[in-house]
Amino acid sequence: MLLFETKSLCKFYRPGAAAEVRALDDVSVSIETGSVTVVTGPSGSGKTTLIALLGALERPTRGQVLMDGRDLGVCSDVELARVRRRLGFVFQDFCLIPRFTVLDNIIYPLIPRGIPHTERLRRARELLTRFGIEGKLHVRADELSGGEQQRVAIARALAGQPDVVFADEPTSNLDRETGAIFLQVLKELHLAGKTAVLTSHDPEVVALATRVIELKGGKLVATPA
Amino acid sequence: MATRQTAFLIALLLMAGAILATEAVADRLPAQAEQFHRLVGGLGFGPALDLSDCVFGFDPRLDDGCAYDRGPIPGGACVCPRHAGSIFYYVKTLDP
Amino acid sequence: MHPLRSLVSVCALVAVILPYLVGMALAQGLEAEAEASVQFGADLLVTGVQFGRTVPLPLEAIKQVRAVDGVKGALPRIVGEVVLGKDRVHAVLVGLAVEDAPAWSACIDGELPKRDSRYEIVVGTGLARRLGLKIGSVLPPFYRNDKEGERLLRVVGVFKADAPLWQAHLMLTSFDTAAIVFDQRGAATDLLVSCQPGKQDEVHRAILQRLSFTSADGQGVIRPKVTTRADLLVMLPRGVLHREGVFNLHFVLALVVAILVLLVTSGVGLTERRREIGILKATGWQTDEILLRGLAESFALSLSGACIALGLAWLWLRVGNGFGIAGFFLAGVDAVPDFPIPFRITPVPALLAFVLAFVIVLTGTLVSAWRAAIVAPREAIR
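Protein chains in written order, with our numbering: chain A, 1 to 225; chain B, 1 to 96; chain C, 1 to 382.
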């Protein structure tokens with residue numbers, strides 16, 4: 001079943017200006033429910049922009065992003081916020097709130113989802129234990145190493161038990177052991193029928209993909225079935 | 001962190017409540033008020049402690065009004081230095 | 001809540017609200033004192049009017065007033081200003097027949113001037129401290145009297161510190177002594193009239209309508225002016241709606257400054273704040289939920305600021321006795337007051353203080369919060 005579909009999707013920054021940047025230019029792809037889709041391409045090819053548009057983090061300049069047949073480009077802010085509650089996002093630069101503790105960074109996104117406090121704590125502890133950083137519960141995010149921050153970012157994305165996980169270079173800062181844990185989580189998500197959309201150069205991640213999308217210069221290179 | 005902040009806020013509220021409760025049960029009248037005023041026949045009303053510059057600011061019973069009153073000029077009602085910065089401002093209503 | 005920004009906000013709030021609370025507390029303390037002065041003072045106060053201005057009364061007025069039906073007693077009083085010492089300390093000299101009031105001497109350490117004595121005084125705590133006076137001290141002559149000459153005045157009593165604040169610069173003596181000091185025989189500044197129960201209005205009307213007195217030169221007429229308790233109570237500033245005067249002007253200015261401070265501090269760390277809001281939105285928070293969270297933070301900040309200001313105001317007045325600030329509001333009070341400063345902290349000013357704090361914080365932070373909250377998540381995070 002089709003979960004996401006983009007139709008002639010374009011994202012331009014500073015449109016019309018001399019310094020216009022065409023991050024995405026006429027990209028049409030589809031993503032099935034339950035698939036593991038990896039978006040590859042050189043740096044600046046528009047990978048991050050594509051998953052940001054799919055994840056309702058910004059609106060397209062032209063074209064459409066459809067989720068379950070619904071055009072995200074015309075949704076209100078409230079509707080987009082509700083869409084994001086079904087999603088989990090792992091950012092390339094982690095995007096933790098530096099002055100929050102590890103625990104707060106994980107449980108804060110669960111608050112608008114209406115999850116009770118005890119359940120929020122349980123999920124946070126479970127995920128942190130799985131990623132081997134349960135001892136850092138009350139440490140401020142800006143006091144963690146890069147690898148630890150990435151683990152927290154992944155835990156945050158998974159804590160809401162999302163239908164779709166977006167991840168931008170999720171294993172880039174992870175050691176082999178933790179990277180293996182992440183791959184295991186990815187497999188479990190896939191088996192559970194969840195959808196994952198990732199950008200990665202990691203061959204082990206690409207190997208798990210049910211679908212690979214390649215971008216170059218903001219344009220689609222190949223869309224194998 | 002949130003718990004500590006909440007606890008701090010609750011502590012502040014309790015402190016404020018304690019202050020208001022303490023003040024509420026404190027004697028409204030000064031300790032020797034009756035004795036003093038019976039003795040001198042009722043003296044003093046305003047925020048001045050002597051008669052220099054503004055007798056009216058000491059006790060309006062003793063004078064007709066504030067000599068510094070510049071009203072109705074805005075703010076002119078109280079340029080008198082003896083009216084407590086106007087926290088305790090009263091105007092002449094006692095006609096001869 | 002951002003710690004540094006919260007601290008600056010709370011400090012700005014306290015800086016504005018603290019003087020306001022202290023001022024209001026002093027105002028309400030003064031109100032209680034003034035009420036007592038009215039309540040326990042004479043039933044009626046009679047002064048003279050000449051050329052439309054208050055003037056002393058001739059002593060012949062006593063007999064006329066006592067003759068009015070319903071009058072229990074009429075006591076002449078002299079209230080005047082003297083200046084003492086090389087430091088030119090201003091004092092209020094009050095002369096009346098103090099020997100008629102033995103029960104009221106509980107507000108004095110020492111004793112009242114004796115019935116037939118002259119040149120005995122009771123001084124207030126402020127005068128005692130500034131002039132170095134105690135019971136048994138003598139004051140060198142500070143007045144001029146060509147007929148009787150100038151004499152030493154002996155201190156026989158000092159008012160207690162917890163007597164009303166007007167005792168501080170007071171000198172209480174007999175009527176005769178006061179007349180000698182001011183060299184004004186045959187006159188009183190006012191008459192303290194006590195009435196039979198329920199007869200005050202009648203006596204008031206009778207004095208105004210029927211009495212008049214001859215001026216000292218025998219040529220002019222002095223009309224009586226009567227002040228009742230009701231007249232004074234109408235004048236009494238009540239509550240917290242002090243609309244007039246410079247206090248409110250200063251306060252409005254301080255309010256504006258506080259809002260500006262908060263506008264600036266809310267701009268500090270704006271990029272960080274935008275990023276935080278962007279991350280929250282990216283993880284499922286709605287704009288209005290974020291704004292509501294900001295509102296809750298503002299509420300907590302306001303409450304903190306108001307409570308801290310209330311605590312500091314109480315400490316400043318109760319423990320510090322208004323050190324430094326009492327002299328700003330009470331004319332004649334030193335930085336270290338000589339008596340317990342009258343004040344009352346009541347719920348309404350405290351509540352107003354919180355409302356003001358909330359208005360300040362909200363005005364200073366709402367715009368920046370809204371601007372940060374409406375940006376798309378990815379743009380905010382970048």
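Because the hints were derived from the structure by calculation, they are not lab data.
Ideal Cβ placement from N, Cα and C applies to all residues, glycine included.
Among the hints, a few may not be true.
Listed next, the stretches of chain A that the computed footprint assigns to chain C, with coverage defined by at least 3 CB atoms under 8 Å from CB atoms of chain C [as the list claims (entries may be wrong)]:
hint: 1; segment: 6-17
hint: 2; segment: 35-44
hint: 3; segment: 49-61
Here are the in silico distance ranges between beta carbons for each label pair [claimed, not checked]:
hint: 4; chain 1: A; residue 1: 119; chain 2: B; residue 2: 15; range: 27 to 37 Å
hint: 5; chain 1: A; residue 1: 62; chain 2: C; residue 2: 366; range: 33 to 43 Å
hint: 6; chain 1: C; residue 1: 7; chain 2: B; residue 2: 13; range: 15 to 25 Å
hint: 7; chain 1: C; residue 1: 15; chain 2: A; residue 2: 78; range: 16 to 26 Å
hint: 8; chain 1: C; residue 1: 260; chain 2: A; residue 2: 32; range: 55 to 65 Å
hint: 9; chain 1: B; residue 1: 65; chain 2: C; residue 2: 359; range: 30 to 40 Å
hint: 10; chain 1: C; residue 1: 312; chain 2: A; residue 2: 76; range: 40 to 50 Å
hint: 11; chain 1: C; residue 1: 260; chain 2: A; residue 2: 221; range: 51 to 61 Å
hint: 12; chain 1: C; residue 1: 366; chain 2: A; residue 2: 69; range: 47 to 57 Å
hint: 13; chain 1: A; residue 1: 43; chain 2: B; residue 2: 15; range: 56 to 66 Å
hint: 14; chain 1: A; residue 1: 184; chain 2: C; residue 2: 359; range: 49 to 59 Å
hint: 15; chain 1: B; residue 1: 67; chain 2: C; residue 2: 230; range: 54 to 64 Å
hint: 16; chain 1: B; residue 1: 15; chain 2: A; residue 2: 147; range: 24 to 34 Å
Quick rundown of the hints versus the structure:
Residue count for the segment 6-17 of chain A with a Cβ under 8 Å from a Cβ of chain C: 0. That is fewer than the three needed, and the coverage hint is violated. Three residues within the 8 Å Cβ limit are the bar, and the segment 35-44 of chain A against chain C gives 0, so the coverage statement is violated. Figure legend: the segment 49-61 of chain A, annotated as covered by chain C; annotation consistent (5 residues with Cβ-Cβ distances under 8 Å, at least 3 required). Between residue 119 of chain A and residue 15 of chain B the Cβ separation comes to about 35 Å, which falls inside the hinted range of 27 to 37 Å.
One distance hint, 33 to 43 Å for the beta-carbon pair residue 62 of chain A and residue 366 of chain C, holds here, with the actual separation near 35 Å. At about 19 Å, the CB distance of residue 7 of chain C to residue 13 of chain B agrees with the hint of 15 to 25 Å. Judged by the Cβ atoms, the range 16 to 26 Å given for residue 15 of chain C and residue 78 of chain A is violated: they are separated by roughly 39 Å. Taken as a hint, the range 55 to 65 Å holds for the pair residue 260 of chain C and residue 32 of chain A, whose Cβ atoms sit roughly 56 Å apart.
Here the CB-CB span from residue 65 of chain B to residue 359 of chain C is close to 36 Å, well matched to the stated 30 to 40 Å. Between residue 312 of chain C and residue 76 of chain A the beta carbons are some 47 Å apart, a value that agrees with the proposed interval 40 to 50 Å. Separated by about 55 Å at the C-beta atoms, residue 260 of chain C and residue 221 of chain A satisfy the suggested range of 51 to 61 Å. The beta-carbon spacing between residue 366 of chain C and residue 69 of chain A, approximately 38 Å, falls outside the hinted interval of 47 to 57 Å.
Separated by about 57 Å at the C-beta atoms, residue 43 of chain A and residue 15 of chain B satisfy the suggested range of 56 to 66 Å. Taking the beta carbon of each, residue 184 of chain A and residue 359 of chain C are about 54 Å apart, inside 49 to 59 Å as hinted. For residue 67 of chain B paired with residue 230 of chain C, a C-beta distance near 25 Å fails the hint of 54 to 64 Å. Separated by about 45 Å at the C-beta atoms, residue 15 of chain B and residue 147 of chain A break the suggested range of 24 to 34 Å.
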